[in-house]
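J.: Please work from the sequences and hints to get the whole structure.
Number of protein chains: 4
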Amino acid sequence: MGKAHSNAYSKVNMFFDADAHVVRKAICGRDASGVSQAAKKLGWEHTETDWRKLASRGDVDVVDINAPSYLHKEMAIFAANEGKHIFCEKPLAFSTADAREIIDAANKNGVKHQIAFNFRFAPAVRVIRAMIESGRLGEIYHFRGHYLQDFIISPDFPKVWRLDKTVAGSGSLGDLGAHVIDLARYLVGDVKSVIGISKTFIKERPLPEGMTGLSGVASKDAPREAVDVDDATSFIGEFENGALLQIEATRFAAGNRNNLSFEINGSLGSVRFGIERICELEYYDAACDAGLQGFSTITVTEDIHPYAGHWWPAGHAYGYEHTLVHEIYEFVQSVANNNPTSPNFVDGMKCTQIMEAVDLSIERRAWVDVNSL
Amino acid sequence: MGKAHSNAYSKVNMFFDADAHVVRKAICGRDASGVSQAAKKLGWEHTETDWRKLASRGDVDVVDINAPSYLHKEMAIFAANEGKHIFCEKPLAFSTADAREIIDAANKNGVKHQIAFNFRFAPAVRVIRAMIESGRLGEIYHFRGHYLQDFIISPDFPKVWRLDKTVAGSGSLGDLGAHVIDLARYLVGDVKSVIGISKTFIKERPLPEGMTGLSGVASKDAPREAVDVDDATSFIGEFENGALLQIEATRFAAGNRNNLSFEINGSLGSVRFGIERICELEYYDAACDAGLQGFSTITVTEDIHPYAGHWWPAGHAYGYEHTLVHEIYEFVQSVANNNPTSPNFVDGMKCTQIMEAVDLSIERRAWVDVNSL
Amino acid sequence: MGKAHSNAYSKVNMFFDADAHVVRKAICGRDASGVSQAAKKLGWEHTETDWRKLASRGDVDVVDINAPSYLHKEMAIFAANEGKHIFCEKPLAFSTADAREIIDAANKNGVKHQIAFNFRFAPAVRVIRAMIESGRLGEIYHFRGHYLQDFIISPDFPKVWRLDKTVAGSGSLGDLGAHVIDLARYLVGDVKSVIGISKTFIKERPLPEGMTGLSGVASKDAPREAVDVDDATSFIGEFENGALLQIEATRFAAGNRNNLSFEINGSLGSVRFGIERICELEYYDAACDAGLQGFSTITVTEDIHPYAGHWWPAGHAYGYEHTLVHEIYEFVQSVANNNPTSPNFVDGMKCTQIMEAVDLSIERRAWVDVNSL
Amino acid sequence: MGKAHSNAYSKVNMFFDADAHVVRKAICGRDASGVSQAAKKLGWEHTETDWRKLASRGDVDVVDINAPSYLHKEMAIFAANEGKHIFCEKPLAFSTADAREIIDAANKNGVKHQIAFNFRFAPAVRVIRAMIESGRLGEIYHFRGHYLQDFIISPDFPKVWRLDKTVAGSGSLGDLGAHVIDLARYLVGDVKSVIGISKTFIKERPLPEGMTGLSGVASKDAPREAVDVDDATSFIGEFENGALLQIEATRFAAGNRNNLSFEINGSLGSVRFGIERICELEYYDAACDAGLQGFSTITVTEDIHPYAGHWWPAGHAYGYEHTLVHEIYEFVQSVANNNPTSPNFVDGMKCTQIMEAVDLSIERRAWVDVNSL
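These protein sequences, in sequence, are chains A, B, C and D. Numbering of the first sequence is given in numbering that gives the first Met the number 0, commencing with residue 0 and proceeding in unit increments. Numbering of the second sequence is given in numbering that gives the first Met the number 0, commencing with residue 0 and proceeding in unit increments. Numbering of the third sequence is given in numbering that gives the first Met the number 0, commencing with residue 0 and proceeding in unit increments. Numbering of the fourth sequence is given in numbering that gives the first Met the number 0, commencing with residue 0 and proceeding in unit increments.
Quick caveat, the hints were computed from the structure, so don't treat them as lab data. Keep in mind that the hints are not guaranteed to be accurate.
What the hints assert, rightly or not - Which chain D residues stay away from chain B? Per the calculated CB distances, all over 10 angstroms, these:
1) R29
2) Q36
3) R99
4) W160
5) E224
6) S295
7) I297
8) H304
9) P339
Said to hold, decoys possible - The calculated label-pair distances, taken between Cβ atoms and stated as ranges, are:
10) Y69/C <-> R56/B: 47 to 55 angstroms
11) E132/A <-> S133/C: 30 to 38 angstroms
12) S133/D <-> K40/A: 31 to 39 angstroms
13) N338/B <-> S35/C: 23 to 31 angstroms
14) G134/C <-> R29/B: 46 to 54 angstroms
15) I303/D <-> N370/B: 45 to 53 angstroms
16) D49/C <-> S133/D: 54 to 62 angstroms
17) E132/A <-> D49/B: 57 to 65 angstroms
18) L372/B <-> D302/D: 27 to 35 angstroms
19) E203/C <-> G188/B: 51 to 59 angstroms
20) D49/B <-> S133/A: 55 to 63 angstroms
21) Y69/C <-> G308/D: 42 to 50 angstroms
22) E73/A <-> H20/D: 54 to 62 angstroms
23) G109/A <-> L372/B: 52 to 60 angstroms
Note that beta-carbon positions come from the ideal geometry of N, C-alpha and C, so glycine has one too.
T.: See below:
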């Protein structure tokens, strides 16, 4: 993710007319030589090996938290107390209570805070949001979404940090489900109650010797350790506004490399979106002439589409990283102009709250009201 | 459905080498002139207006039950007692207990019985079943399916019999969900436990003056009556073999005319199927060469595919009604050769059992073990 | 094709309110026992082994010509002289001159004549035709279509009759291209001039011992014979109305089982259609709101769509053979009510004329005006 | 395109381990204030307003030619004579003769030269090339491709420079067709002969007052001027290796924003690719098990795929501009290591040669041998 964030900071001023000039001032890593190489490659002026020192630098206005999840809370509170504006990777925290502590620290210090729910910034998602707000889809009846991956499906895939509860906090639900939950909230509204089920299909995995990308290398005779996070989580629920919710997150859907998709059905129309075809949006308009109704595939790459005009001519694809550029551009604008950020840590907290409710519903085998947490 | 069944009986011998010659002997309807017209149009030799008389005719070996759902039980037991083999539309019955009574009557009388879960007979579904049985997909982790329609989405759509619990027994779950449930059972296995949620989005509807196809006509000032069936039902659960289950049935998914779709993920591959593209099957084979893996779209129309070779050359589409021809052909073969039928009333009962469990889970807001019913 | 035609005659009265009752009176085949079996299976009352006798029967009003192409001319003229209305498989004839002779015979005898360009009767094609006629697509700029198959791609596929010029008249152009040409004419208009190129990729093939479906069986040591028809033909041209034309027909497009597809672009919109997804139509409407424009996938299965309401509820697929039922229904109506037929032998002749122009353009390596033939 | 090129230079070292460090030394524009703003935004150190001065700078090793097409020749020869390595936008030149002059100048001065056929650097295109080279597709029979756009379809779209022959050299053929032609050559081989047809559907257009992106603004009463380039060009032909070629380029295909697509059919398999879904590749492998054959959709985003591993995890989309990053990375490597470049100006010349042959074939209404030019 360091690469994706660095790239985003380098693009903001090249592709947008931002009201502040972004300087990649300093990057932090545990290993001096490693971080030095990274700084050179990714275009950062200085390096630090102690994140507290970075967050205390006088020449830094904004801190971007991009460390393993279990460090988010400590880092965010420290940065807030140093008076830095904060851009934080998801999840904000491992519990609703922790999230509330972070928000308190940020509020107390009056710093801007934003959470990296970057898929909100896919142009197609913005178009959907505008459709729903303007009433184009009518009353919303259904949100059904899933995030399907398959990269750990082999029983020999090692127990990397993402499969370690202490470090990652959660498995498929926190890593993948969080994105779907945030999109559901962003587009349809707050969630009232949920009940879920989860599975850890592969109970033990070999310990890796090192990481490569999302994966790792484990020798043939590597000792095996119990996996303590969920391989898959599925849940149903209800929104505050009465719409039904169905969400599934899994790392065991063979052939689905990165299939975050959802469909929303309303009384006047429906939309479908999938992140693998990020430039496309499917839209059914019940108001079309009888006999000519159907889902249309909109290539969301025109000047008229949010953000798209800043890139290439119509029909020229953008990619995954562009969503992060858009989000960081908006964050920069909020900081520069002292405007509210969105999504902010409250959105991060509400997502955590829903995930906590799902976890609790699984533990208790009972429905859980989100607001009870 | 009378048209679809009549068509199927007329096709069995034309397209298959069945071991019995099917004669459309007699058709029954409440109205003498209506049934007479139907008989002429649909090719039946005789007519009856009393279904008991039809089921007692000496020149009839097989009774096809195609009446509103609430009549299935009485008709099936009567026909069984008359020693007739029975082909019954779904649902078999409104309760597991009723279904067991029917099965008992059939067994006592030694008659063949088959239930119209015709989507099992889509060539693509047969291919999937063979794949799973032969281990091509490996261990199964996920079944996620839905049946989405939108034909009653307008609040002015009248309260036709399908929206009347006394006649239809159930709403989206019984009408649509039943098909998905049966496919889940057929392909993945028996279901252990479920929990669901349902909604009736439009609480009152105008009373119709008459039916036209699936719809009806209601005058502007027609009195409105409460709808007592579900508009949408969503549930999650677990199979006996440990796989996860996610199913949704709704009549409020704008733009989805008849979208019965499912995806099954296994350790070695995945499949996707949707009834609107009935001739296609998507298959992901994890054993393909690295870098060349992906879901392939198989046009299930070749001689090598189940049933397909009886119709047209490769790539020439067949349609919905063909599934019923296939099923009735198999039923005719079972009757002619005194072989077991499949799916039979036990499959009908097991589907009802799952639906009952879902209903109970909604009522109690708690997980329900299917086998407890 | 005998099966497809028989099926169509058996369906006309079951699914449509035709103004005549169709009786499958007699079927003709060379072999008495074979034709007797066929009659039983396909539901014909009588058999003949001499086609002239069949075409002279007093109890026959309509003759359906479904024999190898080289016999069409002789049969059609004979039937016309016997005063029978004629439904003829494509191609009408091997040359424009032959086609004109047939038309003359039909006109002289005042019989109805129709040619089996059944894809005109796909509901989606009818919708497109209506769109163009009503001006929905505006001025037409482009027709690009192809018919891609792959069933003879193996060099060991035998030289069946379809690869024999004397019997089949033509290869990919006549068998496949003819359908695309007819659709181009039906939808966009008459063709002014063409130039093409063709290839016979596999020059020699083993002689088969017998036919099975479209294929045949050749022993390993079967003698090989030169193939004298085209494996693939591609051509470009111009319509009388100034639109551009691009058509390709090939039996060497691996993976394309039966891919007849076309796209039409007009000043106000575009359409795309492919026969493998016969129930679908893609439509781009330039009049949609800015930012929400895209090709929509219309499921052409609603009551409002031509023919579709006679079959199943919305979203329930029909197949290839339904196009022939629709065409034969229209033919029956024309005969019953003494109305003009469409497409008739003049359409058959005009298609042959274009194919002849393409062949000539290949031979001469020069543009050919269609009307010069 | 300046934005796309600048972006590419800024990314090479961030995402690849290039053997040279790219410095964006100087950018040239006609207007001092405009170019100064551009330099700041796009990250260039210095500015020039005279391209000759830029191309003569001692601190510049590589010149990137990104000016209107009519200037390419003069600039490229000048830069070559200054001993600069050259990266040139397509088209290299307006005629084969001009292209040859440029190549001579480059060769004489021993400079590296590369042409911006960036779609060659889409990972999917590299995969296809490797498939064909390794024999996976067998003998190639067909290349059918098109590049469809619709941005000038309105008769009120002004006559911008792209519609002016003096500046742009060509219309749809040179702008769009060139990309398809280059891909055809890259993947299948050199072209032997062609014949085409072209149209200018809108004969006159209003003169614009200024440009905005690809479009322009014309007042309601703007004078109209004749359009002297082609709106659409279609041609057929033959490769040296005997495969058939069919290509169409048009700006009048409503709904097609940027539809560059092609299909290649070989004796052992087929591939399909379209630039709007740049991360996907469809592949049909005739060697798959019988009954399970079909086009598979490969998401070309894995580590194993060319270039893809330098970006994001599997299933995370990249976009249009990435192809240019890949190409410029390769160019940098060639310059740094004194290796051959590809595609170079000879490829640019061969593309021009084919376009010239197409133009000539249209003028003469006769087949043209490409090598005769």
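J.: All hints are to be evaluated individually against the structure, with a verdict given for each.
T.: Going down the list of hints, with the structure as the test:
Interface exclusion of R29/D from chain B stands, the closest Cβ pair being 46 angstroms apart, more than 10 angstroms. The Cβ of Q36/D sits about 44 angstroms from the closest Cβ of chain B, beyond the 10 angstroms cut-off, so the non-interface label holds. With a least beta-carbon separation of about 39 angstroms from chain B, R99/D lies farther than 10 angstroms from that chain, consistent with its non-interface assignment. For W160/D, the non-interface assignment is confirmed: its Cβ lies about 41 angstroms from the closest Cβ of chain B, beyond the 10 angstroms cut-off.
With a least CB separation of 45 angstroms from chain B, E224/D remains clear of the 10 angstroms interface cut-off, as annotated. At the 10 angstroms boundary, the C-beta of S295/D falls inside the reach of chain B, the nearest C-beta of that chain being 4 angstroms off. Not every Cβ of chain B is farther than 10 angstroms from the Cβ of I297/D; the closest lies at roughly 4 angstroms, contradicting the non-interface assignment. Residue placement check: H304/D does not keep its beta carbon more than 10 angstroms from all beta carbons of chain B (closest about 6 angstroms).
Under the 10 angstroms C-beta cut-off, the non-interface status given to P339/D relative to chain B holds; the minimum distance is some 26 angstroms. Taking the beta carbon of each, Y69/C and R56/B are about 52 angstroms apart, inside 47 to 55 angstroms as hinted. Between E132/A and S133/C the beta carbon distance is about 35 angstroms. The supplied range of 30 to 38 angstroms therefore holds. Range check, S133/D to K40/A: Cβ separation about 33 angstroms, and the 31 to 39 angstroms hint holds.
Taking the beta carbon of each, N338/B and S35/C are about 30 angstroms apart, inside 23 to 31 angstroms as hinted. In this structure the supplied range 46 to 54 angstroms holds for G134/C paired with R29/B, their Cβ-Cβ distance being about 48 angstroms. Remark: the range hint 45 to 53 angstroms for I303/D to N370/B is upheld by a beta-carbon distance near 46 angstroms. For D49/C paired with S133/D, a C-beta distance near 58 angstroms keeps the hint of 54 to 62 angstroms intact.
With their beta carbons about 59 angstroms apart, E132/A and D49/B fall inside the hinted range of 57 to 65 angstroms. For the pair L372/B and D302/D, the supplied restraint of 27 to 35 angstroms is violated, since their beta-carbon distance comes to about 50 angstroms. Evaluation of the 51 to 59 angstroms hint for E203/C and G188/B yields a pass: the beta carbon distance comes to about 53 angstroms. For D49/B paired with S133/A, a C-beta distance near 58 angstroms keeps the hint of 55 to 63 angstroms intact.
Range check, Y69/C to G308/D: about 59 angstroms between beta-carbon atoms, so the 42 to 50 angstroms window is missed. Between E73/A and H20/D the beta carbon distance is about 37 angstroms. The supplied range of 54 to 62 angstroms is therefore violated. The beta-carbon spacing between G109/A and L372/B, approximately 59 angstroms, falls within the hinted interval of 52 to 60 angstroms.
In summary, the structure is inconsistent with hints 6, 7, 8, 18, 21, 22 from the numbered list given earlier, while agreeing with the others.
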